[in-house]
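Generate the whole structure from the sequences, applying the supplied hints.
Number of protein chains: 4
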Amino acid sequence: MDILKRLQELFKRFPGIGERQAMRFAYFVATADESYVRSLTEAISAMRKEVRRCARCYALSEKIVDGKCSLCLNPDTDTSILLVIEKDADRERFVKARTHTGTYFVLGGLAPAIEKDAHAHIRIKELHALAEREMSSAGLSEVVLALSATPDGERTEAILLNTLRSLQEKGLVVSVLGKGLSTGTEIEYSDKETLTHALRSRIAFE
Amino acid sequence: MDILKRLQELFKRFPGIGERQAMRFAYFVATADESYVRSLTEAISAMRKEVRRCARCYALSEKIVDGKCSLCLNPDTDTSILLVIEKDADRERFVKARTHTGTYFVLGGLAPAIEKDAHAHIRIKELHALAEREMSSAGLSEVVLALSATPDGERTEAILLNTLRSLQEKGLVVSVLGKGLSTGTEIEYSDKETLTHALRSRIAFE
Amino acid sequence: MDILKRLQELFKRFPGIGERQAMRFAYFVATADESYVRSLTEAISAMRKEVRRCARCYALSEKIVDGKCSLCLNPDTDTSILLVIEKDADRERFVKARTHTGTYFVLGGLAPAIEKDAHAHIRIKELHALAEREMSSAGLSEVVLALSATPDGERTEAILLNTLRSLQEKGLVVSVLGKGLSTGTEIEYSDKETLTHALRSRIAFE
Amino acid sequence: MDILKRLQELFKRFPGIGERQAMRFAYFVATADESYVRSLTEAISAMRKEVRRCARCYALSEKIVDGKCSLCLNPDTDTSILLVIEKDADRERFVKARTHTGTYFVLGGLAPAIEKDAHAHIRIKELHALAEREMSSAGLSEVVLALSATPDGERTEAILLNTLRSLQEKGLVVSVLGKGLSTGTEIEYSDKETLTHALRSRIAFE
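Heads up: the protein sequence lines correspond to chains A, B, C and D, in order. Numbering-wise, my numbering puts 31 at position 31 of the first sequence, and it's gapless, one number per residue. Count along the second sequence starting at 1, add 1000, and that's the number in my numbering. Count along the third sequence starting at 1, add 2000, and that's the number in my numbering. Count along the fourth sequence starting at 1, add 3000, and that's the number in my numbering.
Source of the hints: derived by calculation from the structure; they are not laboratory data. Careful, some of the hints might be misleading.
[Unchecked claim] Result set (DSSO-like, lysine-lysine): computed pairs, CA atoms no more than 30 angstroms apart in a straight line:
# : chain 1 : residue 1 : chain 2 : residue 2
1 : A       : 5         : D       : 3068
2 : D       : 3096      : C       : 2192
3 : B       : 1012      : C       : 2063
4 : D       : 3125      : D       : 3049
Note that the coordinates shown come from a computational prediction; the quantities given were computed from them, not determined experimentally.
The following block contains the structure:
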C-alpha cells in the first residue's frame, strides 16, 4: 500500500481524527524537520517503555515501582478518601486543581448505554475489591464518584452506587460531586437541578 | 420606503436577529394566516397595556396592583432573603426551579466592561436603597447575588458587593451561588474553581 | 392564558425560533419604546394590506396592479428567459446581483423528501402551464432552474426537468446553474463535481 | 521532563491540535496496542525515507526517480496545461476528480496577508522559471491558478498574475477556476459574484 495512505490510516485511529485531518498529519510528518520527527518517534518509544498503569489505581504513570505509581506508594498519602474518575485526563484535572488530598481510582471509561454488562468495559469489580480491602487495611472511609454530569456519567454513577451498596452498609460513605454553576454557565441556560444546588451551596462573603 | 424593507429594519432590532433572518420574518408575516397575524398584533398590544415593571423588584408582570407584582404584594412571601438576578428570563428559571422562597430584584443587565459608571446601566442604587429599607422594615437578612458565572457576571458581582459593603457591616449577609458541576459539564473541561467547589460541596448518598 | 406565554407561543412560529428566543422576543416587545412597538404593529398591518403574491410569478410584492407585480407588467421585461427559484429570498439575491435580465417564477419551496406527490407542496403544475403559455405568447425560449446545490435542490431539479420534458421536446431549453467555486470555498474541501466544473468553466485573464 | 508532557508538546505541533487533544493523543499512544504503535513508528520512518518532493512540481511523492515524481517523468503526460495549487492535499483532490489532464505545481502555501515579500514563503520564482522553461521546451500554453476562493487565495492569485504577466505577453494563457455553486451552496447565502458566474456558465439539459 501507498505509504502516505498507510500513515493516514494509522492516524485515523487517533481520538477524534477523521480522514482529512489524518492526511494532513501524514503530510505534516512527511515535511517536518528531521529533528522533530526523530524526537517524536523516540518519545513514542520511550513512552511505551516507561509508562505503565499502576496496579492499584490504574493511572498511567512513568514512575511505576513494584507495580505502583508514586502517589499510591507514598506512605504520607491520605488513604481515607478515594476519588473515582473516568480517565487519566480527568485525574490530571484534579491533580492540577490541588483540591483532593486522597487517592484516585481510574475507572477506564463510562458504562456503555446499551450493554447490560458494564463490568466488561470498566473496572467495577476492581473498584469494589479495592474499596473493600482498603476499608480494613488503610482506613478508607469515603469514596467520591467524580464523574461528568452527563447522562453517561449519571448512569455509571447509579451502577457504581449499586455495586458499593454492601460496603456502604458497613459504614463506607459514598458521595458525588456537588452540582452548581460551572465557570462559564449562564443562569438563563441552567436547569432546575443546577440552580437548586447552586442556591443551597451558596457562599457568604466575609 | 419599501414596506418589506421597513418591516425587515424593525425586526432587525429583535434580540439576536440579523439582516437575513429579519427578512425571513418579514416574508413569514407577509404570508402567514390572517388569523395568526391578527393574534400576533393583538397580543403585542395587550402586552403593552397589561404588562409593566413592578415598582419594588422591577420584574415584568401583567398583574401589577398599586405598582407591585403579586409576589411582592403577597403578605406570605418570605422577605428575609432577596435574590438579585440579571434579567426577567433568569427570574423565570428560578421560579420554575421552585428553589427560592424569598423575593427577587431584577438588575436590568450586567455591568458594562469598559464603562466606569455601571450605575447608569443597571439598578445598583435601587438595589442598595431596597436592601437598606427592607433590613429595617421587612426583616431582610440576606442578599444572594445570583449572576451568571461569566466574566461579566463576576465583574458585576464585585461592584454589587462593594455597594452593599456598608449594609454588610450592619449585619446583612451577602452571598453568591455555589460553583460546582452544571448539568452537562465534563470533568475534563472543568477548571480548578469548579472542581474545587464541586468536591467541597459533595453530597453523600444515604 | 398568561399574556407573556401567549406572545411566546406566537413568536415560536417565526422561522428558526425556539422556546428561549421566543420568550426573549416577548420580553423585548414588552420593554421596547412605545414608538418602536407602534411602528412594528403598523408595519405588520400595512404589509398585510399592501403586499400580495403576483398572479404570474408568485413573488411577494407591494406593487400589485391587475394581479401582477411591476416586473411582470413591464412591457420592456425580457420574456425569453425564465428563472425558477425556490423562494422570495432567493429572488431577492438574483435581483441584487443584477445578472438576470428575464422574468422569475417562485416555486414556493423544494420537493419534500418522503412524499411522493410534490405537486401538493410546490408550484409544479403552475410552472408547466406558465412555460407552455409563454412559449407561444411571449417568446419564452429558456427556463433556468436556479435551485440550491443541495440534495433537496437536486431532487426538485429532477422533478421539474421531468415535468418540462414535453416542452423541451418542442424546443424549450431547460438549464441549471453552473457549478464552480463559491465565494469562500476551499479546494481541499471541494468535491469532484465542483472541481470538474470549475476547471471546465475557467476564465482566462486578458 | 515528564515523558507524557514531552509527547504532548510534540503532538501540539500537529496541524490544528491544541493542548487538550495533544494530551489525548499522548494517552492514546501510551495505551494503544503494541502492534499498532510499532506500525505507526515504522510508517513514520518509512515515510521519511521514501517520500520526497518532486524537483519539478514540488509534490510529495514516494516514487521519486532522478528527482522527479512519476507524473512529471511520464512522457505521455500532457505538458501543455499546468495547474497551480496551494498544497499537496489540493493536488490530491484534483487527482481524485480525474478532471485535469496536465501537470501540477505545488505553491507551498498562500501569500501571507501582512508581509510584503511573498517570495520568501511560496514558490513564486520557481513557478515563473518553470513556466518560462516549459513554454519553449514542453509546449506549455496555459497556466491555471487553482486556488481557494478565499481572500488569501485571491490575494495570491493577483500576485501570481502579476509575476506571469511577462510570459502572458509572450502568449501564455493564464486562467482561474470558474465561480459557481459549490456542492452544498444555498442560493440565499450566495453572493453576487457566485450567482452571476453560475448563471453565465449554466448548462442546458439535453
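Going down the list of hints, with the structure as the test:
1. For the hint linking residue 5/A to residue 3068/D, the alpha-carbon distance of about 20 angstroms falls within 30 angstroms, and the restraint holds.
2. This hinted pair checks out: residue 3096/D and residue 2192/C have alpha carbons roughly 7 angstroms apart, not beyond 30 angstroms.
3. Distance check on the hinted pair: residue 1012/B and residue 2063/C sit about 24 angstroms apart at the alpha-carbon level, within 30 angstroms; holds.
4. Note on residue 3125/D and residue 3049/D: the hinted pairing holds, with a Cα-Cα distance of about 28 angstroms set against a maximum of 30 angstroms.
In this structure, every one of the numbered hints holds.
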